[in-house]
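Visitor: Protein chains in written order, with this note's numbering: chain Z, 1 to 115; chain X, 1 to 116.
The hints are simulated quantities; they were obtained by calculation from the structure and are not laboratory data.
Warning: the hint list may mix true and false statements.
[What the hints assert, rightly or not] So, partial list: chain X residues that the calculated Cβ filter (under 10 Å) puts toward chain Z:
hint	residue
1	Val-4
2	Gln-6
3	Trp-10
4	Thr-31
5	Phe-34
6	Tyr-36
7	Gln-38
8	Met-45
9	Ser-90
10	Phe-91
11	Cys-94
12	Gly-108
13	Pro-109
14	Gly-110
[To be verified] Only pairs whose alpha carbons sit at most 25 Å apart, straight line, appear in this in silico BS3-like list of lysine-lysine:
hint	chain 1	residue 1	chain 2	residue 2
15	X	Lys-20	Z	Lys-102
16	X	Lys-55	Z	Lys-102
17	X	Lys-66	Z	Lys-114
18	X	Lys-14	X	Lys-66
Virtual Cβ for every residue (Gly too), placed ideally from N, Cα, C.
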Amino acid sequence: AQSVAQPEDQVNVAEGNPLTVKCTYSVSGNPYLFWYVQYPNRGLQFLLKYITGDNLVKGSYGFEAEFNKSQTSFHLKKPSALVSDSALYFCAVRDRTSNTGKLIFGQGTTLQVKP
Amino acid sequence: GAVVSQHPSWVICKSGTSVKIECRSLDFQATTMFWYRQFPKQSLMLMATSNEGSKATYEQGVEKDKFLINHASLTLSTLTVTSAHPEDSSFYICSASAGQRYNEQFFGPGTRLTVL
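Okay, chain Z solo, but in the shape it has when bound:
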């Protein structure tokens, strides 16, 4: 069965420090991988995706993520966190062979950046 795991319910980091939000996945074959961010009472905003090619993907707002096939991980990173980065982050995976376009979401990680 396909699944996505975000092992941390919450990540706390001081402003200016690097941040990492972890994501591991289980899916047959090579997946498409996504990160979304959600602010309170809002929909999801797309941050970045991995389709193919370079394992390091750069996205919006200075975020990046590294696809690691051997560890089946797609951790989200940012070199220097901002207070405004505080939000709920979702990792999602889509089976490359699926023709439904369905995304499987992780349970979400709350990022708290303190001044």
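Assemble chain X onto chain Z, guided by the hints.
Guide: Coordinates of chain X only, in the frame set by chain Z:
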């Protein structure tokens, strides 16, 4: 580009009434639209997938007679919560896919439904 809107952004209704939520892709044609439900501080639960001009595909455990989905055009899908009850109170989010760009989904801002 790739903007998805939802209307209304919030709605309060009485128990037993029906509520319709609209999802529109504003600048692209959405071959597929998805409807999600989200409880506070939880992940998104996919309710159904709809393709333009065909019946929606519901996820296991989702009552199709209670959550009516219509995808009549390439830019509009509607979710109608029929005979709403307090337990239907939730945050409903739609997303749309153009079938290109690796089926990337673009999300609407969500609709907060409160059933009294």
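Visitor: Let me make sure I understand: some of the numbered hints might not hold for this structure. Which ones are they, in numerical order?
Guide: Structure breaks hints 9 and 17.
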